[in-house]
Amino acid sequence: MKKRFMTHALGMVAASALVFTGGIAQAKDSITIAVPSFLTGGAAGPFGIPAMNGAKMVADAINKGTLPAPYNTKGFGGASATLIELDEGGGATKQVAEYRNLVEKRNVDAIVGYISSGNCQALAPIAEELKQFTIFATCGTPRIFEEAPRKYVFRTMGHATSDNVAAAMYVKEKFPDMKGYTGINQNYAWGQDSWRDFDLTLKQIMPNSKASEKTQFPKIFAGQYGSEISAMSLDKADLIHTSFWGGDLEAFIFQGAARGLFKKKIGVMTVGGTAAYRLGKKLPDGLVLGARGPYGILVKDRKSVLNQWFVNTYKNIYGIYPSGPAYQYGQAILAAKIAYDKAGSDASNEQLADALRGITFESFSTTIEMKLGGGHQAATENGYGITKYDSDEGENVVTDVKFYPASCVLPPDGIDSVDWINGGMKGAKC
Amino acid sequence: MLRDNTSKVVFIGGILIIAFGFFAPNWIVNQLMFGFSRALAILGLLVLWRTGLVSFGHAFYFGLGAYTVAILDIQLGVTDVFLRLFGGACLAGLAGFLVGFIMRNYRDIFFAMLNTAISMVLYGIIVKTESLGSTDGFAISLPTIFGVAPETKYPLFVVITVIAMVSALLVNFYLKTTVGRLTTPIRDNEIRVEYLGFSVAHAIHLKYTMSAILAGGAGALMAMSLGQVDPDSMINWTVSGELVFITILSGPGNVIAPFIGSLVFEVLRTYAFELAPHLWQLIVGGTFLTIIFFLPGGIWSLIVKFGRNKS
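Protein chains in written order, with this note's numbering: chain A, 4 to 433; chain B, 33 to 343.
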């Protein structure tokens, strides 16, 4: 170990000497992109592994030049990319240490990924400190770009506010007679934020419906929801909102379905998309399902060439249809390609950031406008559908899919989400 | 106080490492900072372990120290590294002193699990309280040192190394005093110790409070060197387990052992993470088993063996 340690240290010295004496920038043949995602623990199955698969598939196609037009040029600005897989587990503090390792020890060119909002929130200031070009793929908290302006950090999907505003709008449209609603959300930042946004939006757009006084906040990864399900069954509310995800969501669906909860109440699941392909027949019909944007099961039938390529290639390689996280990681890698194509494979972090800031591009399933957070935060449409098991095909489908444009479910640039909702969602164009 | 061999090695080793850090690349300085910060907590656990007590909940004090730094920074705007460290260590020490009244009556598995219970209460409170950062935690600004805001992390590294040296020397000194020597005797036969005229409860209470202060200091330094606190990395039971793991990895033989053990752990985890992103826990766990099977005295026993063969 010690010997290895020393050679590594010497190697670092030699490498930095080269960097300082070299000076002349040359187009690179290869770049390294670190892709962090949950590879161990409960979030790996429903989120981390599909996400990593999506990233690998897209990066591979870019290296070979087999993506459909207009992305059919080979490589990232001509350079072929090596992906470094990285586990996102262990808490934000551990991720901060690993992020520093990525930049200072392993000298990666770009970092693309992250699922947990806690991790993204912790890493955004570190990325700025180290001046490292970073694209967040999936994490949801709106606070990242509302807290401080960022220079090197981007996020290529809409934030959590749009999930819950869109859910409320969908409810208003499809269930106008809804009188009361309750919720079950994990008792931590994600669950608390999600419920707050949903509740505040409904108060604005359906003032006649009432929030239950007994909303449920079990602790994260609890796994057992018997008492909560009983309480909600007795509640007068006719709708249940949940932002559960991963294993917790699947446990809740199983336990709720067994007690007929979803026959009595309308279930609204903002992160339900990942369960659609995994649960098959066990997913109850009639759930209002979201995928945190236009991804996964909601867009399976979109006919664009890019989307059909994504769905078919993924199905061929991995044997199932791509869920939301696969799309989200795939499009984040695509954004890296666009930045490199524009700035060149030898571009500095500043040049890469300049190349991505404020652009609009066509992703696999939707158009992405980098127009919030000073051009660093994506705005996309967001939508919901209702689950139905298709016994002929032997798979779940969604019906009544409805999408709301970005300008309808996201605040204009520079306005905090909560202020925007409370102010009656001024400027929303639906 | 500086006459024995251990103290000399701590003193000279510390100075050499400070000098080495000046030339080392950033990531090595980071690993040294994390390793030395955590080693303080291990130092406290080592004293307890020699007494026959294993705490599976010292993340309570570790987290208390770390969160004190966060609150001092965010609520009160305290930036000075020593004030933050003092705050974290004192609060953890006070908590340890109070909890010690209960803990000193329990041994074995009861001692271990009661500590876990207390740490998980703090974990639960923080996870459920939005104003304490919930699961997201807080970012912490880089500390100032004597009123000067450093440009790099090197000055903080020097502070951490000096604190680590001083703590190692103090604990080494303590273990040579009469009260300090009451470790193995308590483990072996409490009744005899009582008949010798010492109070076992008092001795354990003192050691427990000491370990709480050290763990609090460790958490405070860790928070400052990482620039981030969150409950999963600072207070969860897995962190307590990690501390016990490193204690066993290091071995109870000497106050230098925790520092070597922590560094080995830090490097092991970094490389396991890098080389096997899907299986890194397996590598860390495998090392743990190997140590228990083949090196029950920890890494320190290797050093002792090596030293004997040489002379």
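Just so you know, not all the hints are guaranteed correct.
Cβ pair distances, simulated, as ranges [what the hints assert, rightly or not]:
1. B:Leu-164 with A:Lys-239: 25 to 35 angstroms
2. B:Ile-315 with A:Gly-427: 46 to 56 angstroms
3. B:Leu-300 with A:Glu-131: 48 to 58 angstroms
4. B:Leu-164 with A:Glu-396: 26 to 36 angstroms
5. A:Lys-217 with B:Thr-161: 42 to 52 angstroms
6. B:Leu-300 with A:Ile-87: 13 to 23 angstroms
7. B:Ala-51 with A:Trp-312: 55 to 65 angstroms
Don't read these hints as lab results, they were simulated from the structure. Note that CB positions come from ideal geometry on N, CA and C, so glycine has one too.
List of violated hint numbers, smallest to largest = When the structure is compared with the hints, numbers 3, 4, 5 turn out to be violated.
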